[in-house]
Amino acid sequence: MHNNNKTALTCALLGITLSPSLHANSQLTDNTPKLTALTHARLMLEPGKQLDNATLIIENNKIKAVVKDNEVPQGAYVVDMRGYTIYPGFIDPFTEYGVDYQYPEQSSSGPVTDIKRIGGNAANGAIHSQQNWVDYIYPDKDSAKAWINNGFTSVQAGIHDGIFRGRGATISLADKKANEVIYNASASHLMAFDKGSSIQDYPNSLMGSIALIRQTFSDVQWYKANIDKAHSKQAKNNIEYNAALANLTNIDKEHVLFETRNLNNLLRASTLLKEAKINGTLVGNGREYARVDEIKANQYSLVLPLNFPAAPHITDTDSERDIPLSLLRHWERAPANPAVIAGAGIPFALTQHGIEAEEFWPRIRRAIEAGLSEEQALSALTTDAAEMVGTAEFSGKLKAGYTADFVIAKGNLFTDGTIHTVWLQGQPQQLIDSRNAHLEQQYLLQLGDINLSLDLKQGDKLSGTLSSGEQSIELKALAYQAGRLTFTGDLSEAGYPGVSRFTLWFDDKGARGRMLDSSNQQWPVAGIASPKAPQPAVVKAAEKAHYVSSVTKPNVAYGLTQAPELEKVHIKNATVWTSTSDGVLANHDVIITRGKIDEVGENLSTPSGYQVIDAKGKHLTAGIIDEHSHIAINGGTNEATDAITSEVRIGDILDPDAIALYRALAGGVTTAQLLHGSANPIGGQAQVIKTRWGVSANELKMTQAPKSIKFALGENVKQSNWGDDYDERFPQTRMGVKSLFEEAFNEAKAYRQSKQDWSKMRSSEKRRQIAPQPNYRLEAIAEVLADERDVHIHSYVQSEILMFLRLAEAYGFKANTFTHILEGYKVADEMAQHGAHASTFSDWWAYKFEVYDAIPQNTCLMQNKGVLTSINSDDYEMQRRLNQEAAKSMMYCGMSATDAWNMVTINPAIQLGIDDYVGSIEEGKHADVVLWSDNPLSIYATVESTWIDGKRYYDKQQNRQAQQAMDIERAALIQKILNRDATTEMGKPEVLVQEPEWHCDTHYNAWDQQHAGSVK
Amino acid sequence: MKTIISLAAAVFSLSSLSVAAHDMVPAPAQTQDILIKNATVHSPSKGVLTNTDVLIQQGKITAVGPTLNAADATVIDATNKQVYPGVIALDTSLGLVEVEMMRPSNDVYEVGQSNPQIIAVSAYNPDSEIIPTVRVNGITHAQVVPQGDLLAGQSSLVSLDSWTIEDALVPATQGFHLYWPSIRRLSQDKDKRKEQLDEYQQQLKQIEQMFADGQRYHLANRDKQVSKIDLRWQALQPLYQRQAQLFVHANKQLQIEEAVALAKQYDFKLVIVGGYDSWRLADLLNEVNASVVYTRTFSLPMRHDEPLEMSFKIPSLLAEAEIPFALGFSSDWNSRNLPYAAGQAAAYGLTQQQALKSITLDAAKILGVTDMGDIASGYRGNVIIAEGDLLDPMTSRIEQLFIDGRQIDLNNRHQQLYQKYLKR
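In the order they appear, the protein sequences are chains B and P. For the first sequence, position 306 (counting from the first letter as 1) is numbered 1057 according to my numbering, and the numbering increases by one without interruption. For the second sequence, position 215 (counting from the first letter as 1) is numbered 261 according to my numbering, and the numbering increases by one without interruption.
FYI, nobody ran anything at the bench for these hints, they're computed from the structure. No residue lacks a Cβ here, since even glycine has one placed at the ideal position from N, Cα and C. Possibly wrong hints are sitting among the right ones.
Claimed, not checked - Coverage of chain P stretches by chain B, computed from C-beta distances (three or more under 8 Å per stretch; other residues unrestricted):
1. 309-319
2. 463-470
Said to hold, decoys possible - The calculated label-pair distances, taken between Cβ atoms and stated as ranges, are:
3. P/228 with B/1736: 26 to 36 Å
4. B/1368 with P/92: 26 to 36 Å
5. B/1711 with P/417: 38 to 48 Å
6. B/1481 with P/414: 54 to 64 Å
7. B/1359 with P/228: 54 to 64 Å
8. P/228 with B/1044: 38 to 48 Å
9. P/148 with B/981: 52 to 62 Å
10. P/244 with B/992: 49 to 59 Å
Pulled out of the complex, with its shape left as it was, chain B reads as follows (with noise of 0.2 Å):
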């Protein structure tokens, strides 16, 4: 029996028993037994359960039984196991594996608006829900090794192209027909933000993508409660087949999975997907760990990469100095990743995309030194995997009734073992050239009457020693092939003169062969094998990895630690520039409890508890409002592919790690309306946001501030500056521009009404009728006819100022802040009469033709005629001098310092409806407020510290200490990747996706960069 089971190992690894095609006999049935015992082996039957020296019984693909006492039924064919360790077949949710299927290609020149429509796909390009991956399954066994050599033996596939990807299918990576391959048919929904080869324009934003989504959410579920009625006679309309929508009609009570490129992308998928209740995974991007707190609050589980990248190049001090600490921490740091998404409990799964596969288990080893545990890592490439890609019932575990999918590794493979088989539905097949064992042997040899020791060493090259006692000669020419071993070596210190050559031959006892010396003459050599000396394991106790870097919100530099705390403060004996009717007071003390200021006063008791700022000689203001900012975004600040794009929304794509946040409260700017380009007349739903530091990104958002839009006037929209390519799309004129926008009022109005009737129809008149399509472009346009979302309207000279006061009139609407309107003065007037304000720049002109009547008076002339007036920034960096470009209108026009000072705190506050909260400091408002050095709006103002509601976001103390301490840790890492063992090195430095500076008229297609990091 036990000779036997030798015998069979050797067969089972070599994987010829059980193969069979090898047997493929198309005459004649194959009805080889199919029951095997993997006896002695050590059982990974799940994460957490461990079997020591049990049998794993196998019949067919499925497996019958584990067994514990190594009892074999009868009639088995029993290999054992004996020191290997047998897993549970590996799962990789996201690939393209075994899909055999292409889009067709399509070229375009010029905008594209329209697709080709065909078989009721959807309108836009980016949309290929319709597709069912399993339709094109075609397993494809030269790609299937890739997974294979790394212990996988089913994945999720599909085509990862749009933003709808189709239906992914989880199959088997076993070398069978398609249709025993499939695992699952209907797995996840893929999804992702990037619209992919759609050559379609729309969207090319982020915000334009996250908008399609939300439409197409809502587009299925109207489908879903509307197609049934299409054809009913009663209906007035009809309703087209829309083969995309019908196949998304229950992805409520569907697994989506979503790519996403970065950590923000990831955390809006998972916003997005909640706010639609739909269940799924988020592909990572190796950066989780920087925000693990709000991944794990939204409850959607993960599949990592493993991306670790390489150490960036910081050889040449001129360019290390571009590069940013965050990219120098993420090197030290992304190992961790998997092991800090595990340590909060967060379901995940890993992918070997985006690394070379050869890479996948010295990652995870290196993962697992930097934390995670043997059994996190297991569960995520087993059972974890398989909830996601639906296949939890059968396959992830070593269990009776599973499918036979598993993995035989000699050793720990988490450690240093390496996988020696691959069960794929009941079949081996074999990775390690079993034979090869034999050479990983030390054998003692027997020539003559001489005692020789046999070392071999399988490098890149096969190299050995033959040595006796105290004397050793190095082997030459040593080859390895079809399982017999030569090599020659210089014996004449044994006796044997000149060069001999040996050839060997091994079994399990040991070798024998024969040596052919210089005269030609035959020896005989036999040997019998010692093993190895088991190699001392490096020891990784549990010796915690050490960081020089620090992780912090968010993770750049001047990242915090640790949030700032709700202060109580008496700030004492400052100057207080109220923004109210009181003006300036000298010497007045202000206390702030509770995030609000409490009390504005002289000599103020100091309440128990608070601490006292003395700020003698010091200003305290409110904090500066910016109505009109582009920063803290991602993926575009204009969707401009569309003269009308009222359904993007910038509280979509915030970006809560941009520094232009933290350079802002340096500024004393601590609101901020951050609005769509001007780049089409009707553009997207404008954010203000609270430019608090190390918050999440839906933690920016200023709630109070009620709904606003942006809207455009003037040469960006009529595209007078993008070149010559840009002169069919209407409007060119701004003649044209009018239509356009009574064009689209007239639809909101008509939209609305049909809404309207729909609310009125009894329920047994709406079961017939076709319900309206919520239209979330219309719908933001209505809101404003509705007098529900204030406009923001970019505009310059006077006649389409005119034009649009009037025409708000005559549909009914308040026309709120005209923005930039550098003509502004020259109609004062009306729009005085109106009620229209007004937010401008202090001194710019003379950069395009429509500034040419552009004057720094122009604030003074509006605020003199009655018309509320803000300056803004529209711009970083003046957006931190706006107290400076307040005072220009004191310089240019005689301004007073409490109007100039009004311009940028309570002004833009009114502006944006949110003067009931912010923009002067009174009792009860928040407490943003802003202690400068000197007079507010003198150049030699610098701020010393920002509070928003009553936190202290910035401080001039502390951002020295901060960058102190940056410098330091900077140094270290610099040091730490100078000092690094280069040579085991895997991947890629990473490669930091930059986008611009925004502005109102940024062209910016947010699909053309390439995916961050090593992944490819």
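For this one, chain B is given, so just place chain P on it according to the hints.
For chain P alone, kept in the frame of chain B given last:
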């Protein structure tokens, strides 16, 4: 003592001029002596001189001191007023650009890598509507600089009040402008990195070749061996003869180091324009007696992690490193904000005097002009009379401005439109 021009009179003259011609009439040469009395004089070299008089005769300052007297001079009572030298704006495109985005009105950028023969003043428009809006902020002169790839041409120093380009031109050391190639950010991607470095190398080679060719021409020319004029190298001769200087537009350390190496090789007089990293290179720059025109005061930090106030404090770092420098403002219309850039630099470490000097006397020095930029005897009568601090828009109210003793019309397009719409 003939007339006393008061503040009220100055304001009156402004509004009365609003109905005048579309453009402002250049002032005639000074014939009448001007005596400014009881002023607070801000001298970049001597500091603040209270109760001081300034006498301007025939376009020049002839005396500065307490209680000066001059018969027949127009006396300006400057009690409680501030007197400054006229500001010189470096690295501007004034007069070359009217409306930046309208191509026909934009004459600043020439194609080609080697255009040393180009001279800015040849395209300068003294009637640009922009110019009068710039000088109201105290800027009397500007260095007008052509832009391009690599060797873009020669700058010109102009007075901001002239009839023609010829009266605009002020003699200064000839300056050639070389835009050093740059890699904005060296990629971490291997292929992209190589591509960037190859392109950069290529451009460096071009520079090397250009100056080697110029040198050949110079040697041949010296020995009277030039048979046929090469427009480019002929123009470049003064540089090799050390009669001109080379303005290298560069911000990063690497670029500046390479520029210094070039200057050393040919013994060129070097000025770095931009100069963001120059404060790190005191020894290197001082070794070749280079100076710096720092142009990025109102900019974001060039690198993500740098101190928030980096751009603001570089002037003080330059001062600390004892590198001669002046402030510039690379723009056309926006160069009117140069005085406030100096104010900003003062808020971040420069003294008021250093800040003023960096836009007046030090700017003149860099241009090789010895009679501008100060309120002192022998200097041109380029004088600002203001109510407040020239560097702080909160208080700065410029009331009178003189270029070579000529009183300049402070009206401009903005004033005209303002006055017009005040009437609506």
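Hint-by-hint comparison with the structure:
1. 309-319: Not satisfied, violated; 0 residues make the cut.
2. 463-470: Coverage by chain B holds here, the residue count being 5 at a Cβ distance below 8 Å.
3. P/228 with B/1736: 26 to 36 Å: 30 Å, holds
4. B/1368 with P/92: 26 to 36 Å: 29 Å, holds
5. B/1711 with P/417: 38 to 48 Å: 43 Å, holds
6. B/1481 with P/414: 54 to 64 Å: Because 57 Å falls inside the window, the suggested range holds.
7. B/1359 with P/228: 54 to 64 Å: The hint (54 to 64 Å, Cβ to Cβ) holds, given that residue 1359 of chain B and residue 228 of chain P are roughly 59 Å apart.
8. P/228 with B/1044: 38 to 48 Å: Hint holds: Cβ distance 41 Å, inside 38 to 48 Å.
9. P/148 with B/981: 52 to 62 Å: With Cβ atoms ~55 Å apart, the hint holds.
10. P/244 with B/992: 49 to 59 Å: 55 Å, holds
The structure does not agree with numbered hint 1 stated previously, though it agrees with all others.
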